[in-house]
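Participant: One-letter residues, chain by chain:
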Amino acid sequence: MGALQSLPGRPEYSDLAEKTGFSFEQIGVLHKRFKQLSHNEETLRRDHFNEIHDLAFNPIRAQIIEAFFDRRNFHQDGEGKVQEIGFEEFVVVMSHFRPPSDHMTEEQREKTRREKLRFLFNMHDTDNDGTITLEEYRHVVEELLSRSGTLEKETAKCIADAAMLEVASISVGHMEPDEFYEGITFEHFLKLLDGFEIESRMTIRFLNMDTTTLCK
Amino acid sequence: MNLVFIRQAGTLLFICMILILLHGSRGEIPSKPIAATILPSVKPDGGVQAYPEDQKNNLPMFTMNYPRIQIPFEITLWVLLASFAKIGFHVYHKITIWVPESCLLISIGLIVGAIMHSVHEEPPAVLTSNVFFLYMLPLIVLESGYFMPTRPFFENVGTVLWFAVVGTLWNSIGIGISLFAICQIPAFGVQDINLQENLLFSAIISAVDPVAVLNVFEDVSVNEQLYIVVFGECLFNDAVTVVLYNMFSFVAEMPVVEPVDVFIGVARFFIVGLGGMAFGILFGFVAAFTTRFTSKVREIEPLFVFMYSYLAYLVAELFAISSIMAIITCALTMKYYVEENVSQRSCTTIRHVIKMLASISETLIFFFLGVVTITTDHEWNWGYILFTLLFAFVWRGLGILVLTQIINPFRTIPFNMKDQFGLAYGGLRGAVSFALAFTLPDTIGRKQLFVTATIAVILFTVFLQGISIRPLIEFINVRRTNRNLETINVEIHGRLMEHTIAGIEDLCGQWSRFYWKDKFMKFNNRILRKILIRDSRAESSIVALYKKLELQNAMEILDTASGDISAAPSIVSLYEEKKSSSKPQKKFLAADLKNMHDILSKNMYKIRERTVAYRGKHALPNDNHTREILIRRHVSIRRSLRPGSFQSSSYVPRTHKYFSLPAGKSLESTFPAARRSYADDHETLSEVAYPSQRSRFGKPARSSSSKAMIPLRRLGTLEEVPSTDVLNEDSSSTEQGVFRTNSSYSDSHVPRPRRLNSSFDNNNGSADDLRNVHEEPSSPPPGWAAEPRDNTARNPLLRRPQWTPKRK
Chain C
2 MGALQSLPGR PEYSDLAEKT GFSFEQIGVL HKRFKQLSHN EETLRRDHFN
52 EIHDLAFNPI RAQIIEAFFD RRNFHQDGEG KVQEIGFEEF VVVMSHFRPP
102 SDHMTEEQRE KTRREKLRFL FNMHDTDNDG TITLEEYRHV VEELLSRSGT
152 LEKETAKCIA DAAMLEVASI SVGHMEPDEF YEGITFEHFL KLLDGFEIES
202 RMTIRFLNMD TTTLCK
Chain W
4 MNLVFIRQAG TLLFICMILI LLHGSRGEIP SKPIAATILP SVKPDGGVQA
54 YPEDQKNNLP MFTMNYPRIQ IPFEITLWVL LASFAKIGFH VYHKITIWVP
104 ESCLLISIGL IVGAIMHSVH EEPPAVLTSN VFFLYMLPLI VLESGYFMPT
154 RPFFENVGTV LWFAVVGTLW NSIGIGISLF AICQIPAFGV QDINLQENLL
204 FSAIISAVDP VAVLNVFEDV SVNEQLYIVV FGECLFNDAV TVVLYNMFSF
254 VAEMPVVEPV DVFIGVARFF IVGLGGMAFG ILFGFVAAFT TRFTSKVREI
304 EPLFVFMYSY LAYLVAELFA ISSIMAIITC ALTMKYYVEE NVSQRSCTTI
354 RHVIKMLASI SETLIFFFLG VVTITTDHEW NWGYILFTLL FAFVWRGLGI
404 LVLTQIINPF RTIPFNMKDQ FGLAYGGLRG AVSFALAFTL PDTIGRKQLF
454 VTATIAVILF TVFLQGISIR PLIEFINVRR TNRNLETINV EIHGRLMEHT
504 IAGIEDLCGQ WSRFYWKDKF MKFNNRILRK ILIRDSRAES SIVALYKKLE
554 LQNAMEILDT ASGDISAAPS IVSLYEEKKS SSKPQKKFLA ADLKNMHDIL
604 SKNMYKIRER TVAYRGKHAL PNDNHTREIL IRRHVSIRRS LRPGSFQSSS
654 YVPRTHKYFS LPAGKSLEST FPAARRSYAD DHETLSEVAY PSQRSRFGKP
704 ARSSSSKAMI PLRRLGTLEE VPSTDVLNED SSSTEQGVFR TNSSYSDSHV
754 PRPRRLNSSF DNNNGSADDL RNVHEEPSSP PPGWAAEPRD NTARNPLLRR
804 PQWTPKRK
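Quick mapping for you: the protein sequence lines, in order, are chains C and W.
Quick note: the first sequence uses the working numbering, first residue 2, plus one each step.
Quick note: the second sequence uses the working numbering, first residue 4, plus one each step.
Treat the hints as calculated values from the structure; they're not laboratory data.
Treat the hints loosely; a few may be bogus.
Quick list of simulated restraints, FRET-style, between CB atoms [stated by the list, open to error]: (1) C/ASP195 to W/ALA323: 48 to 56 Å; (2) W/ILE534 to C/GLU42: 44 to 52 Å; (3) W/ALA190 to C/SER24: 51 to 59 Å; (4) C/ARG110 to W/PHE526: 32 to 40 Å; (5) W/ILE534 to C/SER24: 42 to 50 Å; (6) W/ILE479 to C/ALA57: 48 to 56 Å; (7) C/GLU108 to W/LEU164: 31 to 39 Å; (8) C/GLY87 to W/PHE526: 57 to 65 Å; (9) W/ILE98 to C/PHE25: 41 to 49 Å; (10) C/THR106 to W/LEU164: 32 to 40 Å; (11) W/ASN419 to C/GLU108: 30 to 38 Å.
Below, computed lysine to aspartate or glutamate pairings styled on DMTMM-like, alpha-carbon distance capped at 25 Å [stated by the list, open to error]: (12) W/LYS525 to C/GLU143; (13) W/LYS421 to C/GLU143; (14) W/LYS421 to C/ASP195; (15) W/LYS421 to C/GLU90; (16) C/LYS33 to C/GLU107.
Negatives, chain W to chain C, calculated, CB over 12 Å [claimed, not checked]: (17) LEU62; (18) HIS96; (19) TRP173; (20) ILE176; (21) ILE185; (22) ARG348; (23) ILE410; (24) ILE416; (25) ILE447; (26) PHE466; (27) ASN492; (28) ILE504.
All C-beta atoms in this analysis are idealised placements derived from N, C-alpha and C, irrespective of residue type, glycine included.
Construct the entire structure; sequences and hints are all you get.
Facilitator: Okay, here's the thing in structure tokens:
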């Protein structure tokens, strides 16, 4: 790949490859895309994301973009947001979407599953307190349903409420009359989506081929 | 039980006897070959025998004119006989678990055939080419296409096509060539079969028919991927087989085959396949467009569905392109749009009728297979037939192995060895092979041998593999499906995830299936829906699901313990609900509640369950899902509801579901692992593709029964309920809804001590302690109603919808 000449050399790639599990070619492709998005700068900012045309139709665009700038997704125990990200963080965030490979052990699968669910959880939990409160959940549902023009905000609210109660009953079971349900913690979240085969569904097939020229 | 059984068997035998006697009373033994006529020849003197001829022209008191009615009469009797057989199987329900229905039907057919043979009768020759291909096959295929779970299908369409097309080709060519090799061995005495004929024969027997297999898979709930691949493969390889058959039979009659012919054959294959699809899509769109205008003629709406599909089939036959593909694609395209346009009742009718016709068709085919087995002249050749069996098995296994290896890298969820075993072992032969064998041209010298061999293969696979596949699958523990719980959360998160993935894909510039799905859905929403659907506002499936669940709750409440709609549900329960709300900081104000209630009431309208429970070919989609709800809200009701009591409405949906779990129990344990269909889960969760929305205001859904009027009768405003039988789809767009539950809602419900009352009770409009739950219209199918198991004393309303439709 001739384009590699202008990109970080191999040693960096191998670092990244090890950390995230992508292959060299895939990292190369992603790097090209990074460059394309950031107009050849070193870092990506939010306004770069806003330029992506196809993303405009996505109802949860804001959350997706935020997810890239969220330190919690950077595989460290970071918190808070950043304003701009470099290529490494880009790839790390992308790596959440890798399909599970065949040779994974049960443990690794479980780990991948947790990671993916953690990613989703972070998308909800915007104030970073470790729980998804009703407000946050409502916000997400509203966004999701924002395409439905005829639907008012109230419905989204009700749906979110219903969902919260559902979580409550699943995780906490029977509740006393005077208990409150504080919010969905990550453990509850895991339990909630227990039957959901997220490790295979939340995947993107990362190509080894460069398709950036075909996309906007 | 025994008595019933004996009675059934007796009835069956009685009918048999009548049939045979009727045939026998003709007084002559027709010895025509089977393929000659549709029915045995008319009785020569079947006319009036009841009175002697030397009488003068008095008015006859008693006449009998059999020939006039003979044909329809005999058809009806045969159909009845086959249907009685089906009834009889379920007398001992254990039988159907271990022995697939096709086996049983064939056995009954064998018995009847033996009886007929012993009285030297001919079976009605229904298996002429025309009757089978023009009348029986389209029904079966239409049913398969209509009830195909679209989403898993499209996600796996590559795999399905790969296995269907390439797999069938591999099988036919492999078997054909090996058989040809065998033919060369003089010991078997079949040297006169040339290559073309062998290929023709192998095309016939490589058609896989998974009826039995699907039943087993469904019961054992194998993972969805396997299921959909087997299903799709069956469907499409019918098409491929027919194409191959036509091609090879043409070729078999040619003395010399040139390379040009092979090339033309390949080109023809593509024309046939793609042409079939094109026709199907065309007719599907025309059908959808037509139903857009049928709001005034609801009674004949189902007719359009059938006529257009059949037309697609026939036109494709006219041009000798793949009629099976045509009818499948027609059904697929049509279903989505038509189900939105037609009334609920028509929708149910369509489904029922399709299932019924397909069931009859399939039953008859297997039945006749049994009959004909006994009564044809067989030509048996040990070597050829045994080797056929062997090769059929071997090549299928090899084929699956090789093909899976090739396609696994392209799949996100690769097939493991157990899946492959399931796929390979599930290759039963059935109806299509049978019919094709019978329609072999007579110019083929060894036709009888082929027929015999086909029958042998079918019987062998159906009986042996069909019976043994269930224990084997359970034994090797093929990967089971993860039952996605139909919770709002799962729906929301699933949706969220899809959006996220689509977004990330856009971000990183990678294409994948979501990209195409996205594009198609945009196209769909922008253009297609506007044209084809009458009322094309979109509704998110999350909202649809939510509405559905709420309605179900409301139905539950109203319907359970029909005397129990008390006017004063306990305050405690409501209080609990209030508390249990997941708002940590703030309580719901009355105004809030009223708002919620208003919203809900405004938004809950035409809920039609669009998922189809695929329970195998002979089962109707579960009625629970096609239950309709007719909701008419009276303005007066709304007025009578007080703000304070509205908490109920919005709480009902929320709380009903999940509060009743006894502490510590997990959600899964409350659901028996009863049959759940794949179509259910996936259709519900993501039927309408993800960005599309549809909301239906002003179109009340309609229910189809009136049995549960009983609980409603006590409620003041129900005088109007009976009158909702009128087909008034175009009722005003005010929020009116009549509430009707469906008839067979007969599951036992633990009578709830405290019921949040239906708000239809006008009389209690003023009571403050009257917790009028404004029952959102819902018609939960009985199976959905939570089983009493998780009904706790405290929160009677709060039941988890039990996702166990009562299957037979």
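Participant: Kindly indicate which numbered hints from before are broken by the structure, ordering the numbers from low to high.
Facilitator: 8, 9, 11, 13, 15, 16, 24, 27 and 28
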